[in-house]
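Participant: Assembling the complex is the task here: the two chains are given apart, and the hints tell you how they should meet.
Next come the chains, spelled out residue by residue.
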Amino acid sequence: MVDLLSDSKQELLLGNEAITRGLFEAGVKFASTYPGTPSSEVGNLLEEIADKAGMYFEFSSNEKTAMEVSAAAASSGVRSFVFMKHVGLNVAADPLMTLTYAGVRAGMLVMSADDPSAHSSQNEQDNRYYATLALMPMVEPSNPQEAKDFIKEAYEISEKLGLPLLYRTTTRVNHARSVVKFGPLKTDTPALGHFEKDDPHFVNIPAFAVQNRVRLLEKNKLALQLSEESPLNRIEGSGNIGIITSGVAYCYVKEFVSDVSILKLGFTNPVPEKKIADFIRGKRFVIVAEELEPYLEDQVLRICAQNQLNVRVYGKRDGTLPREWEYSPDTMQRLRVLVKVKEPAVPMNKTQMQLPGRPPSLCAGCPHRGIYAATKKAVGKTPVVYCSDIGCYTLGVQPPFRTADFIICMGGGAGAAGGFAQATDQKPIAFIGDSTFFHAGVQPLTSALFNHHNIVMVILDNRTTAMTGHQPNPGTGRHFGGIDTDAVDIEGVVKGLGVQFVRTVDPYDVTDCVKVMKDAIDFDGVAVVISKCPCPLLLKKEKRLEKKVCVVNQDDCISCFTCVRMIACPALIKKGEKVEVDPNQCIGCGMCRNVCPKKCIEVRE
Amino acid sequence: MKYSVQIVGVGGQGVLLASMVLGTAAMRAGYDVMMSEVHGMAQRGGSVRSTLRFGDDVYSPLEATGAADLIMSFEPVETVRALPLGNRKSAVIMNLDPVLPGNVAAGFETYPEIGDLIKEVKKENDNVITIEATRIAIEAGKAVAANAVMIGAVAAVKSFPLDRELLKEVLLEKVPPKAKDLNAKAFDMGYDAMSKQ
Chain A
24 MVDLLSDSKQ ELLLGNEAIT RGLFEAGVKF ASTYPGTPSS EVGNLLEEIA DKAGMYFEFS
84 SNEKTAMEVS AAAASSGVRS FVFMKHVGLN VAADPLMTLT YAGVRAGMLV MSADDPSAHS
144 SQNEQDNRYY ATLALMPMVE PSNPQEAKDF IKEAYEISEK LGLPLLYRTT TRVNHARSVV
204 KFGPLKTDTP ALGHFEKDDP HFVNIPAFAV QNRVRLLEKN KLALQLSEES PLNRIEGSGN
264 IGIITSGVAY CYVKEFVSDV SILKLGFTNP VPEKKIADFI RGKRFVIVAE ELEPYLEDQV
324 LRICAQNQLN VRVYGKRDGT LPREWEYSPD TMQRLRVLVK VKEPAVPMNK TQMQLPGRPP
384 SLCAGCPHRG IYAATKKAVG KTPVVYCSDI GCYTLGVQPP FRTADFIICM GGGAGAAGGF
444 AQATDQKPIA FIGDSTFFHA GVQPLTSALF NHHNIVMVIL DNRTTAMTGH QPNPGTGRHF
504 GGIDTDAVDI EGVVKGLGVQ FVRTVDPYDV TDCVKVMKDA IDFDGVAVVI SKCPCPLLLK
564 KEKRLEKKVC VVNQDDCISC FTCVRMIACP ALIKKGEKVE VDPNQCIGCG MCRNVCPKKC
624 IEVRE
Chain B
895 MKYSVQIVGV GGQGVLLASM VLGTAAMRAG YDVMMSEVHG MAQRGGSVRS TLRFGDDVYS
955 PLEATGAADL IMSFEPVETV RALPLGNRKS AVIMNLDPVL PGNVAAGFET YPEIGDLIKE
1015 VKKENDNVIT IEATRIAIEA GKAVAANAVM IGAVAAVKSF PLDRELLKEV LLEKVPPKAK
1075 DLNAKAFDMG YDAMSKQ
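In the order they appear, the protein sequences are chains A and B.
No gaps in the numbering here: position 261 of the first sequence is 284 in this note's numbering, and each next residue is one more.
No gaps in the numbering here: position 70 of the second sequence is 964 in this note's numbering, and each next residue is one more.
Just chain B, same shape as in the assembly (with noise of 0.2 Å):
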């Protein structure tokens, strides 16, 4: 067995505490694991790519183009911009809350509709899954734990190997002691909103 999985987003999304923990629930139920983060300049406001792949016989830090088996996106352009990562039959975890590049902020440049985004990444793949993580989030009680919703989202996925309750159990070990209730509910909300679609 080997899965691999594509996470995606902003500097500052919290794109990597969301592959240490997948990767740390990977190396718990006994996988070989392989993953490549961004540091340095690449983490200033730019988007942001975190590489993991788990199973028998893994070597590579890198995945090959189009062999992701999950892209897990925080954010609605760079959903747009990974599409190459992973395949038609690629799961895509979508977030649909926005974080405006400089340049769109300042005027210079328009960020897409959302629904339009959307429609592209349906164009071309069967499993897309949108999710409002942070609404989600500040339902559950601060926005901050949007992270906790989309891993949470993660653990739904039909054809993820790793357990709902490990992934959520080392979540909890990740997160500041005060903050564990509401990651642990932001988690089950992300879970749930996953499991209806």
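Just chain A, with the same shape it has in the complex (with noise of 0.2 Å):
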């Protein structure tokens, strides 16, 4: 691993590696996150240096606290930093929407990593109209090199304005590497702070409410001064073809259409309107390239029509460019009939060769598979709807489960389940993950309870955030940046809140999670099953996995497949009229015997 924290010259960095390098060059002391692709690497850093560097990191138990958090800080003089994937800022938006109403004493950042195409994600969400909608001021990186570099930038706005800003990735800026050169690390900030009482700012009680929000509008005007005269905001080239563009689309603006001008826009919210307005004056006409929506292009045709410009848009109102999906290369080939763009080469054929397809799936030996396996059997025939939620047991979408029928986000599967309830006659089984459960699972749960719901909550305990890439959650303790904590235990959370049905399994254990689940459907009520089992891969990675194989014992196998259909493990191999075990994959979990009706396979040592 690249040591962030060096005075290396230069290195081959992860735009999310080289976010981190930035908090250091920019003396940030505090920071915060709940972990969501694709900002999860710099949480994964933080945990590993964050300690050495003098800051203080959490993995708080949802966006909305680490907001919180980070916004404390910052309120009492600290610089802070709060990042999160896309989604994450609906959850947080609650305080930022007040927020920048008190305002922040030191440089605070709200990292959104925006997912077009939404490759790890549900929506395609454009989290640019946050910035408008709070009122704050925004900055978009288009590459690594500028990720780093902005992030001090975007401090100094941040404390000029006294608001938090919101710094707004995509996949492309978060998961890009290229060559960043490294600056100064910044030392002389502050790590401790002090808040200093001032009602008016912090205590947004409707009287002083009001009276924010007229301070927040003034702000604002200074904002857009600052964003004309930001070097954030850049023209590059000449000539009477123009192209306003930022974030990542700058990049496929720059490399494959020629002879145009580009205003390239760093600092997008405010934009800068003199700016865009000169721009555009004697152009014979404008394109706006943007990823997402007409966040850019909706103003520039404000501007146009505040300035009396009667300059022609082209852009994604009038069709010439995609609202939908990331941006690439090929992207720019719409811009054909406009400008000079790049020969595209001619590519081989599509093959039109039967290939199988290879979709994300369950690890071998995932724990998810066996709890999945049980709850199938135990529903047998019973009308059910499976709310599912976000991390990896969303992938128990796959045959032959098919166990996920109903993801919108974070604990939704959860709530739903109380609505699923009520309102059909299908018994609603909720999956959702341990760390989903810290983060928005117990609120749910307590207003099934409070309502009567009768529900069943199967909550994935496997002892890690799995699908970011195995970050600590409450239910695990927290162990880094010299602090030690205990586990909060589910199960006990869950008694304590006074559900009367209540039982720990052993996802491996197939055969006992089916009577334990067929007595929880039939329960009268608020079933939760906790199964608890940590996931694999974390054991692998921790080198805690003990070495273990399955072995098919062939003279006794009946060629049944019952494991094969059941769990369906990636491990298990058939092989015409056989079933064979791949020892490269498997890791001797023993669902496969579990679920033998011959007792056929054996686990070795």
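Read the hints as simulated data drawn from the structure, not as lab findings.
One should not assume that every hint holds.
[Unchecked claim] The calculated label-pair distances, taken between Cβ atoms and stated as ranges, are: (1) B:P1055 to A:Q375: 30 to 36 Å; (2) A:D448 to B:K1017: 53 to 59 Å; (3) B:K1013 to A:L156: 55 to 61 Å; (4) A:K518 to B:E1063: 58 to 64 Å; (5) A:F503 to B:D1086: 56 to 62 Å; (6) A:G380 to B:K896: 31 to 37 Å; (7) A:K204 to B:E1063: 48 to 54 Å; (8) A:T534 to B:K1036: 34 to 40 Å; (9) A:R346 to B:K1052: 40 to 46 Å; (10) B:K896 to A:K204: 20 to 26 Å; (11) A:F584 to B:Q1091: 38 to 44 Å; (12) A:N333 to B:K1017: 50 to 56 Å; (13) A:L562 to B:K1036: 18 to 24 Å; (14) A:D117 to B:G924: 48 to 54 Å.
This structure is a prediction, so every number in the text was calculated from the model and none was measured.
Ideal Cβ positions, reconstructed from N, Cα and C, are used throughout, including at glycine.
Facilitator: Set out below in structure tokens:
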């Protein structure tokens, strides 16, 4: 791993590594997050090195809490950084909307890592609108070098305005990798602050809030002035055709379109109105190239109207460029009729061969396989709705499990379960992860108890936040950065709320899980089943996995394929009328042996 | 000069390590480098792709369809799936070791014959070179060095602009000290296997 605290001149950095380095170059002393791709690596890095850099860092239980702890630090004079994926900002939106009213005393950045094309997400929302909604400044880098450099600039903007700043990235910035030149580390910022009482700012009762709004609007006027003067908004090239662009879209324009003048915007709320008007004036026409929503384009159209500029604007509103999915060099070909675009290559033909699919799937020995297999068996023909959630267990959507009928957001399955219980005659079964339970699962469980919803909640406690790269969560306790805490006991929490039916099961014992799930489904009221077993990937990473392997005794095997049908473990390979185990993938969990009617699978040390 | 490589395979095969080695070598050679990687959900046993572009005035982290100079593929089915990334003239390195998708293992889908997959690539491309990276790695000492075999093979691609010794040096920096000899040997064997074709 690259040493992000070194005085190295340049390194080949992932966008998220560059951002992390940027924090140290900006003297940030407080950071918080809830993990979410494409922002996750920043948290994993800070878990390792924040302490060494004199920075406090935490994984909060959700994005809202992460926003609040960082808000407190910045309000006390400590530079803070809160980061999350785009949908995480929905969770944190409540504190953010009023935090801008209160303002901050030291710089605070809110990084929203958006995911056009939804590589690892449930939607493609464009979070730039949060900047206009919360009336906060926004900065958008285009590549890893800018992702690092703009952090420093952004903190200066945040402090000049006394406002948190939205630092908006996308997957192809966070997960791009390029040569990044390092700058000096900033060491003169305080790690310890002091909160000065100031009710008119920090106590947003109605009488103060209305005044704060007036002050916030004034700050936005100053922000506009900063944006007009900012070097983050720059013009490249000349000519009478203009392209206005931001984020990674700039990279595609820069390399694949020629003979145009580019207005490259990095400070994108407020947009520099005068600079844009001056850029457009005298142009034959203008193209706005941005991913997702016509955020800049609509403002360009408004600026044209306000300045009586009769210049044609091409973009999403007229259908020239797409509004869905991330951009790429191919997207630039849509501009061919307007500008000079690099000749496309003649690609090899897409094959007509029938190729097997390769969707992401649950790992070999994944404990989720066991509890899903058991649930299916216990359910039988009972009409159910499988409410699922955000995490590895989302992969239960695939056959043979198909245990995900409804997925909207974190905690959303548990909440929806209550609605299905009341509005349908189907039994809702809500799957949720351990980290997700602490993130947004306790509240819907409480509500289900309160309203006597007939639901089963299955907490898939794999002792980590697996999908995003194995971060700790309240259920594991914290053991980094010089702080050690006890794990919060999920069973204790559930019982403490007053749930009457609580069972903890071992998902590798599928037979036992079937019995427990049957009882849970029959229970009148809220039933909670905790499926507790550590993620094998985590055990491998921590070198705690005991090496075992399953072997099929071919003489006794009756080729019923129950193991393949129920568990569908990638280590079980059907070869003609036989089942074999791939010893490279198998972890020897024994789930297949457990379901084998002939018990002809053996687990060997 | 600009050169682009599309590295394809399956999560866990070492696509990311290979792209790091090639990218770092390009940086050392003084080129602009832009790469894009797949993280998160896509890594759970799914198809994985990493794009590496280097040369002068490189800005874009993604390559245009059909424009790859080299397709470096760790897996036969993934090679065929990746064909539209390159064109008739692209160099193609095709590892012949299959990784069976879950649905194939479970008997729901079938894996095509390797020979048919090779034919399919040859139909579209004049420069495909096949390699049995795992077999060569086992010969070198251990199956895990298949990655080094593949990187050695890339060094032997005629139009590839980075120096063989530089690639080897960077590779050896990125593997654990204990595995240096193994990887050096695997790299050389990959280079030789490729040069013979």
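Participant: Hints first: check each against the structure and report whether it holds.
Facilitator: Evaluated hints:
Between P1055 of chain B and Q375 of chain A the Cβ separation comes to about 34 Å, which falls inside the hinted range of 30 to 36 Å. Range check, D448 of chain A to K1017 of chain B: about 56 Å between beta-carbon atoms, so the 53 to 59 Å window is met. Restraint check, K1013 of chain B to L156 of chain A: a C-beta distance of roughly 56 Å satisfies the suggested window 55 to 61 Å. Distance hint check: the CB atoms of K518 of chain A and E1063 of chain B are about 59 Å apart, consistent with the given range 58 to 64 Å.
For the pair F503 of chain A and D1086 of chain B, the beta carbons lie near 46 Å from each other, so the given range of 56 to 62 Å is not met. About 33 Å separates the C-beta atoms of G380 of chain A and K896 of chain B, a value consistent with the hinted range of 31 to 37 Å. In this structure, K204 of chain A and E1063 of chain B break the distance hint of 48 to 54 Å, their C-beta atoms being roughly 22 Å apart. Between T534 of chain A and K1036 of chain B the beta carbons are some 39 Å apart, a value that agrees with the proposed interval 34 to 40 Å.
Judged by the Cβ atoms, the range 40 to 46 Å given for R346 of chain A and K1052 of chain B holds: they are separated by roughly 43 Å. Restraint check, K896 of chain B to K204 of chain A: a C-beta distance of roughly 21 Å satisfies the suggested window 20 to 26 Å. In this structure, F584 of chain A and Q1091 of chain B meet the distance hint of 38 to 44 Å, their C-beta atoms being roughly 41 Å apart. The hint said 50 to 56 Å for the Cβ distance between N333 of chain A and K1017 of chain B, and at roughly 54 Å that hint holds.
Here the CB-CB span from L562 of chain A to K1036 of chain B is close to 22 Å, well matched to the stated 18 to 24 Å. The hinted range of 48 to 54 Å is satisfied by D117 of chain A and G924 of chain B, whose Cβ atoms lie roughly 50 Å apart.
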